[in-house]
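> Line order of the protein sequences matches chains A and B. Numbered per my numbering, the first sequence spans residues 86 to 268. Numbered per my numbering, the second sequence spans residues 51 to 289.
Incorrect hints may have been included.
Stated by the list, open to error - Heads up, simulated DSSO-like pairs for lysine-lysine below, C-alpha to C-alpha not over 27 Å straight-line:
id, chain 1, residue 1, chain 2, residue 2
1, A, LYS107, B, LYS95
2, A, LYS173, A, LYS183
3, A, LYS102, B, LYS234
4, A, LYS183, A, LYS107
5, B, LYS162, A, LYS183
6, B, LYS170, A, LYS189
Said to hold, decoys possible - Footprint (simulated), chain B over chain A, 3 or more residues, beta carbon under 8 Å:
id, segment
7, 96 to 104
8, 150 to 164
9, 189 to 197
10, 233 to 247
Hints in this document: simulated from the structure, not taken from any laboratory. Virtual Cβ for every residue (Gly too), placed ideally from N, Cα, C.
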Amino acid sequence: MDISTQLQLSTDRFFQKLDETKEAINASWSYITNTLDTSLKTQDVKALLNLIPYIEQGEGALAYEHIGESRRILRILHIIQLELTYQKTPFFLHCVDKDSLMEKYMLSLFALRRLFFQLSMNSVREAADLLLHNTLSVFAVYVMTQEDLINADNALYGRIAEICSAYWNDGDKQLFLSLTAGN
Amino acid sequence: MDQRKFCFILCTNNDTLLSEAIHYISQLIIPAGYTTELLAVTDAKSMTSGYNEAMAASDAKYKIYMHQDVFILNQNFLSDMLSIFQSDTSIGLIGMTGYESISADGVMWHAKDRLGTPYKRNAAYLPLSEYRYSLSEDGYQSAALVDGFMMITSTDYPWNTESLTGWDFYDAYQSLTFLLHGHKIVVPAQRHPWCMHDDGGVLNLTNYNQYRQMFMRTYHAFLGKHYSEIGNQKQTTLP
Numbered sequence: 086m087d088i089s090t091q092l093q094l095s096t097d098r099f100f101q102k103l104d105e106t107k108e109a110i111n112a113s114w115s116y117i118t119n120t121l122d123t124s125l126k127t128q129d130v131k132a133l134l135n136l137i138p139y140i141e142q143g144e145g146a147l148a149y150e151h152i153g154e155s156r157r158i159l160r161i162l163h164i165i166q167l168e169l170t171y172q173k174t175p176f177f178l179h180c181v182d183k184d185s186l187m188e189k190y191m192l193s194l195f196a197l198r199r200l201f202f203q204l205s206m207n208s209v210r211e212a213a214d215l216l217l218h219n220t221l222s223v224f225a226v227y228v229m230t231q232e233d234l235i236n237a238d239n240a241l242y243g244r245i246a247e248i249c250s251a252y253w254n255d256g257d258k259q260l261f262l263s264l265t266a267g268n
Numbered sequence: 051m052d053q054r055k056f057c058f059i060l061c062t063n064n065d066t067l068l069s070e071a072i073h074y075i076s077q078l079i080i081p082a083g084y085t086t087e088l089l090a091v092t093d094a095k096s097m098t099s100g101y102n103e104a105m106a107a108s109d110a111k112y113k114i115y116m117h118q119d120v121f122i123l124n125q126n127f128l129s130d131m132l133s134i135f136q137s138d139t140s141i142g143l144i145g146m147t148g149y150e151s152i153s154a155d156g157v158m159w160h161a162k163d164r165l166g167t168p169y170k171r172n173a174a175y176l177p178l179s180e181y182r183y184s185l186s187e188d189g190y191q192s193a194a195l196v197d198g199f200m201m202i203t204s205t206d207y208p209w210n211t212e213s214l215t216g217w218d219f220y221d222a223y224q225s226l227t228f229l230l231h232g233h234k235i236v237v238p239a240q241r242h243p244w245c246m247h248d249d250g251g252v253l254n255l256t257n258y259n260q261y262r263q264m265f266m267r268t269y270h271a272f273l274g275k276h277y278s279e280i281g282n283q284k285q286t287t288l289p
């Protein structure tokens, strides 16, 4: 069998399997979004964090595999888990549903990117304002810069530390320094 | 047609992404004597219908069809693009990522000869502040297909709304339309990516296969072919 035929057969198999699991993917994605909506509405932290094993080891893995947004949701849940463990203000504060949670994450990520790319004074100023008025924990900044689409460097970490030092305590600053040292 | 005008065209369903994409567009340096406009289509039935609607509404010679999750990083994007179009009038379409051949299974990214530089994590690029594209030193490469996250055209051809009623394969179909009309498709060599495509790292392929099957039936003769084997067939095989 030539390579082209092998490729076509393997692709056909992939899409056949995808078709077979389509409903399960949609069901797991619905479960994740519904759980986020209800748990954020009622501030039910336990239900919120139960999504972590659901996505990592349960049926939610299907959504993780096929739906990009679910990866960011898992990232946010990890941030929240760390924040709660270390008694920091949780990322979901003021978020009432999945959409507002995602919007907070995306706006924060956009601000970090603007600080990194520094395309203009205005762009950097807007980003700094956002980070100043929408407080982020050390964990949120660290997870975003380590795991999302941004090539953070020491210059960026320096700029972030300068802005966030307005509301980070000494312990936070120290933690951020130690987490980002050597990156 | 306004020969000195660029039009950014986006189909959008997310204000947060759109506003960030517009922020990066607003940072671009506009070449002297040129103007820009932006058309955001908010209630498109499909990518092709949204793009057709915007295409008909704009008199700009240069149209930049882009996804709402694309952020243009190269501030000289417009003049660099212009330098490419002006270097060879047969260039009709520029992409940021493309492929020299069409994969035998119709899946664009399965072709082994990818062109362009997508923005990736942990990649070592030249610092953006130091980056400047040079047509003579960096150049560009010809492609058979370009990825739809960014497609820049210098001439208008209708997008295929009859066959493409969703959000997939409009890029492959439109690329072939350009090739079959005798245009070249190129992808600039980018020492720093010209833009970032933040698609979340996973493609939603749940509706992809029906259009792939259709593409394979329509363009069966071109599967596995290099761009150089397609461009000379002109309009005789246009569906």
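> Now, for every hint given, state plainly whether the structure supports it.
How the hints compare with the structure:
Taken as a hint, the A:LYS107 and B:LYS95 pair is honoured in the structure, with Cα atoms around 22 Å apart against an allowance of 27 Å. Only pairs whose Cα atoms come within 27 Å are accepted, and A:LYS173 paired with A:LYS183 is accepted, the gap being roughly 21 Å. A hinted pair counts as satisfied when its Cα atoms are at most 27 Å apart, and A:LYS102 with B:LYS234 does not qualify at roughly 37 Å. Only pairs whose Cα atoms come within 27 Å are accepted, and A:LYS183 paired with A:LYS107 is accepted, the gap being roughly 22 Å.
Distance hint between B:LYS162 and A:LYS183 is unfulfilled; the C-alpha atoms sit about 38 Å from each other, more than 27 Å. The straight-line distance between the Cα atoms of B:LYS170 and A:LYS189 is roughly 23 Å, inside the 27 Å bound, and the hint therefore holds. With 5 residues having a beta carbon nearer than 8 Å to a beta carbon of chain B, the segment 96 to 104 of chain A meets the requirement of three or more and the stated coverage holds. Counting residues of the segment 150 to 164 of chain A whose beta carbon lies closer than 8 Å to any beta carbon of chain B gives 7, which meets the minimum of three for the stated coverage.
For a cut-off of 8 Å, the count of residues in the segment 189 to 197 of chain A with a CB near a CB of chain B stands at 3, and the three-residue condition holds. Residues of the segment 233 to 247 of chain A lying with their CB closer than 8 Å to a CB of chain B number 4, which satisfies the three-residue condition for coverage.
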